Amino acid sequence: MSATNVRERRRDRVAVLRPLLRDRAGLIALLGALQALSVAGNLALPLLNARLIDEGVAEGDIGAIWQAGALMLALGVGQLLIAGVAVALAARISTGIASDLRSRTFAHTMRLGAAELRRFGPGSLLTRCSNDVMQVQVLLLALCTVVVVVPLTAAGAVVLAAREDPQMLGVMAIAAPALLLVVSLFAIVAMPGFRRLQPLIDKVNGVLREQLVGLRSTRVFGRQEHEQRRFDEVHDDLIATSRRVGILYLSLGPVVMLTMNAAAVLVVWWGGHRVSDGSLGVGSVTAIVAYLLQLMSAVMMASSIVMLLPRGRVSLTRIRELLGTRPALDVAAEARAAAQAAAPVRPVRTPGATAAPGLRATGLTHTLDGAREPVVADVDLTLAPGRRVALVGPTGSGKSTLLALLARHLAPTSGSVRLDGTDLADLPRSEVRRRVVLVPQQARLFTGTVRDNLLLGARLGGRDTASTPDAELHEALAAAAADDVVAAMPEGLDTVVLPGGANLSGGQRQRLALARALLVRADVYLLDDVDSAVDAGTATLLRDGLAARTEGAAVLSVTSRVPLARDADEVLVLDRGRVVARGHHDALLADDPVYADLLGAHPLQEELV
Numbered sequence: 001m002s003a004t005n006v007r008e009r010r011r012d013r014v015a016v017l018r019p020l021l022r023d024r025a026g027l028i029a030l031l032g033a034l035q036a037l038s039v040a041g042n043l044a045l046p047l048l049n050a051r052l053i054d055e056g057v058a059e060g061d062i063g064a065i066w067q068a069g070a071l072m073l074a075l076g077v078g079q080l081l082i083a084g085v086a087v088a089l090a091a092r093i094s095t096g097i098a099s100d101l102r103s104r105t106f107a108h109t110m111r112l113g114a115a116e117l118r119r120f121g122p123g124s125l126l127t128r129c130s131n132d133v134m135q136v137q138v139l140l141l142a143l144c145t146v147v148v149v150v151p152l153t154a155a156g157a158v159v160l161a162a163r164e165d166p167q168m169l170g171v172m173a174i175a176a177p178a179l180l181l182v183v184s185l186f187a188i189v190a191m192p193g194f195r196r197l198q199p200l201i202d203k204v205n206g207v208l209r210e211q212l213v214g215l216r217s218t219r220v221f222g223r224q225e226h227e228q229r230r231f232d233e234v235h236d237d238l239i240a241t242s243r244r245v246g247i248l249y250l251s252l253g254p255v256v257m258l259t260m261n262a263a264a265v266l267v268v269w270w271g272g273h274r275v276s277d278g279s280l281g282v283g284s285v286t287a288i289v290a291y292l293l294q295l296m297s298a299v300m301m302a303s304s305i306v307m308l309l310p311r312g313r314v315s316l317t318r319i320r321e322l323l324g325t326r327p328a329l330d331v332a333a334e335a336r337a338a339a340q341a342a343a344p345v346r347p348v349r350t351p352g353a354t355a356a357p358g359l360r361a362t363g364l365t366h367t368l369d370g371a372r373e374p375v376v377a378d379v380d381l382t383l384a385p386g387r388r389v390a391l392v393g394p395t396g397s398g399k400s401t402l403l404a405l406l407a408r409h410l411a412p413t414s415g416s417v418r419l420d421g422t423d424l425a426d427l428p429r430s431e432v433r434r435r436v437v438l439v440p441q442q443a444r445l446f447t448g449t450v451r452d453n454l455l456l457g458a459r460l461g462g463r464d465t466a467s468t469p470d471a472e473l474h475e476a477l478a479a480a481a482a483d484d485v486v487a488a489m490p491e492g493l494d495t496v497v498l499p500g501g502a503n504l505s506g507g508q509r510q511r512l513a514l515a516r517a518l519l520v521r522a523d524v525y526l527l528d529d530v531d532s533a534v535d536a537g538t539a540t541l542l543r544d545g546l547a548a549r550t551e552g553a554a555v556l557s558v559t560s561r562v563p564l565a566r567d568a569d570e571v572l573v574l575d576r577g578r579v580v581a582r583g584h585h586d587a588l589l590a591d592d593p594v595y596a597d598l599l600g601a602h603p604l605q606e607e608l609v
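Per the UniProt record's numbering, the very first residue in the sequence shown carries number 1; after that it's consecutive.
Don't read these hints as lab results, they were simulated from the structure.
The reader is advised that the hints may include incorrect statements.
As the list claims (entries may be wrong) - What follows is a set of in silico ranges between Cβ atoms, one per label pair, in the way DEER data are often shown:
1) F446 with E321: 22 to 30 Å
2) E431 with D100: 28 to 36 Å
3) R216 with A471: 32 to 40 Å
4) Q442 with R223: 17 to 25 Å
5) F446 with A548: 24 to 32 Å
Note that the coordinates shown come from a computational prediction; the quantities given were computed from them, not determined experimentally.
Using N, Cα and C, we set each Cβ at its ideal position, and we do this for glycine too.
Based on the provided sequences and hints, a complete structural model is requested.
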C-alpha cells in the first residue's frame, strides 16, 4: 500500500471523530490545562525532596525539614486533586464521544437498506455498534490521559535531571530508547492478533445469533452436537487469538519493570560514586532516580497507547466503513436526480392526458452482489386502485424480493417502479412508506403493549395517535381476524408484548402485524403470505376482512391458498425471478402447466405450494 493510501485511510478514520472532538474543544482545552498543572506539581516533588534531604537531613536543620515537608504535603494534595479532576474529565470526554458515536452508528444502521444489512450481517453490525465503539472509547480514554502528560513529563524529567547533574543524561539516553524499543517490538508482534480479534468476534456473534434463532429446529432435528462443534470451532479460534495477544500484553509488564529497575540501579551506582567524591549530594541522586522513573513511566504510559492503538484503529476503521456505507436506495435516488439535472427529460403529454394511477413496475430487475443470475428479472406489472393481484410461485422464485423492490426496500438493478406516474426514487421515503405498505411473512412486533404496536400504523399513516379511538383499532383487528386474539388476552389492548412477540404464536403475531398495517390506510398493500400461519377457517375470515378494509386500494398478495388466488383479478406466476404466466385463476389452471403443477401438489387441491 502506498504512503498516499495510508494517509488517506488515516484521514478517513480521524474524520469519524473530528466533529465529535470539535464539539468538546473547550473540555479538551480544560483537560490539557489541568494535566499541565498536575505534571508541574509531580515534577516539583523530587526537587523539594532533594532540598529536604540535602538542606534538612544532611545539615540537621529541623526547620528546613518541616518547611520542605509542608510544601511537599500541600503540593502532593493539590496535585492529587487536580489529577483526579483531570481523570474524571477525561472519562467524561471519552464516554461522551463513545455515546455519540454509538448513537450515530445505530442511527445509520437503521437507515441502511436490505442489501447493506445482508452484506454486513447481523453479527458484524452488532459488534460494530457495541464492541468496536467500546474499543474506541478505551483508546480515547487512554489518549486523554497521556496525550499531554507524557510529553510534558518526559521533557520536564530530562531538563530537571540535567539541572541536578548533566552527566546523568547519558543514563537516560540509554534507558528510555531501550524501553521504547522493547514496547515497539511487542506492539509489532501483537498487531496481527489485534487485527484478527474483531472479525472473530463478528463470527462468534453471527454463529451464536443464528443458533439461538434456529434453536427449535436444531432440537427437532437433533443437531445439537453439530451446532456445538460449529460454535466451538469459532469460539476456540477467538480464545486462542485472545490468549496469544493477552500473553504478549501481560509479558510486557515484567520486561518493562526489569528495564526500569536496571536503569534505577545504574543511576544509584553511578550516583553513589559521585556522592562519595563529594561532587553530588544524596538528595540530588534521589531526585535524579525519581526523574528517571518518571521518564520511564511516561514511556510506559505511551506504551499503553501503542498496545491499545492497533485494536482501536481496527475498530475505528470498521466503524468508518459502516458510517461510510451509503444506502443503495439513497445512492440510486441521487444518481437519478443528477442525471435528470444534467439532461432534464420533458415528457410529451397529449392534452388532457394524466399519469396512470396506481403502482406500475417496468422491466424490474434485481441482482445480488456477486450473483451470476438475477433474483428478479424483467418484471412488468400494474397495481391499479381497487385491483387485487395474487402472486404464486415455488420457493425461491423471488416473490419476497419482488415485493421488497415494489416497496422500495431494495433498489432495482434496472427498471423502475412508479407510483401514480412518479418514480419511487423521486418521492420522499416517508411518503413511500405511507402510501405503499409491505407486510412481510415473518411478522415483527415491538416491545410494549398491543395498543402501542397498533398505533405505529396510525402514526405511519400521518394521524395523531393520541386521538386515535379504540374503535378504529378494533376495526383493524377485526379485518385482520385478530379481534378474538386480543379479546382472549387478560388486559386486551393493554396486554404487554414481549420482545419480538415472544409471548404470542406465529399466527397471532402475523395477524397483529397485518392489523397494524391496515391502520396506515395506504394506497398499495403488498402482503407476503400473511395467512401462512393460520388455519383454513381463519384464512377465510381474513380474506373477507381484507377485501372490506382495503376496498379502493391496490393489493398484491403472495399466497399459497386457492381461494385467494381464485378471487384475485389477476394471478402472476413467478419462476426463477421471471413472470412465466399471468391471467385469471381458472384460465391459468386450464392452460398453464407450471400453475397446474403447483396446484396439483395437494391431492385435495385446497392449497397452492
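We went through each hint and held it up to the structure:
1. F446 with E321: 22 to 30 Å: Holds, at about 29 Å.
2. E431 with D100: 28 to 36 Å: Cβ of E431 to Cβ of D100: about 30 Å, so the range 28 to 36 Å holds.
3. R216 with A471: 32 to 40 Å: holds, 38 Å
4. Q442 with R223: 17 to 25 Å: Check passed, 21 Å falls within 17 to 25 Å.
5. F446 with A548: 24 to 32 Å: holds, 27 Å
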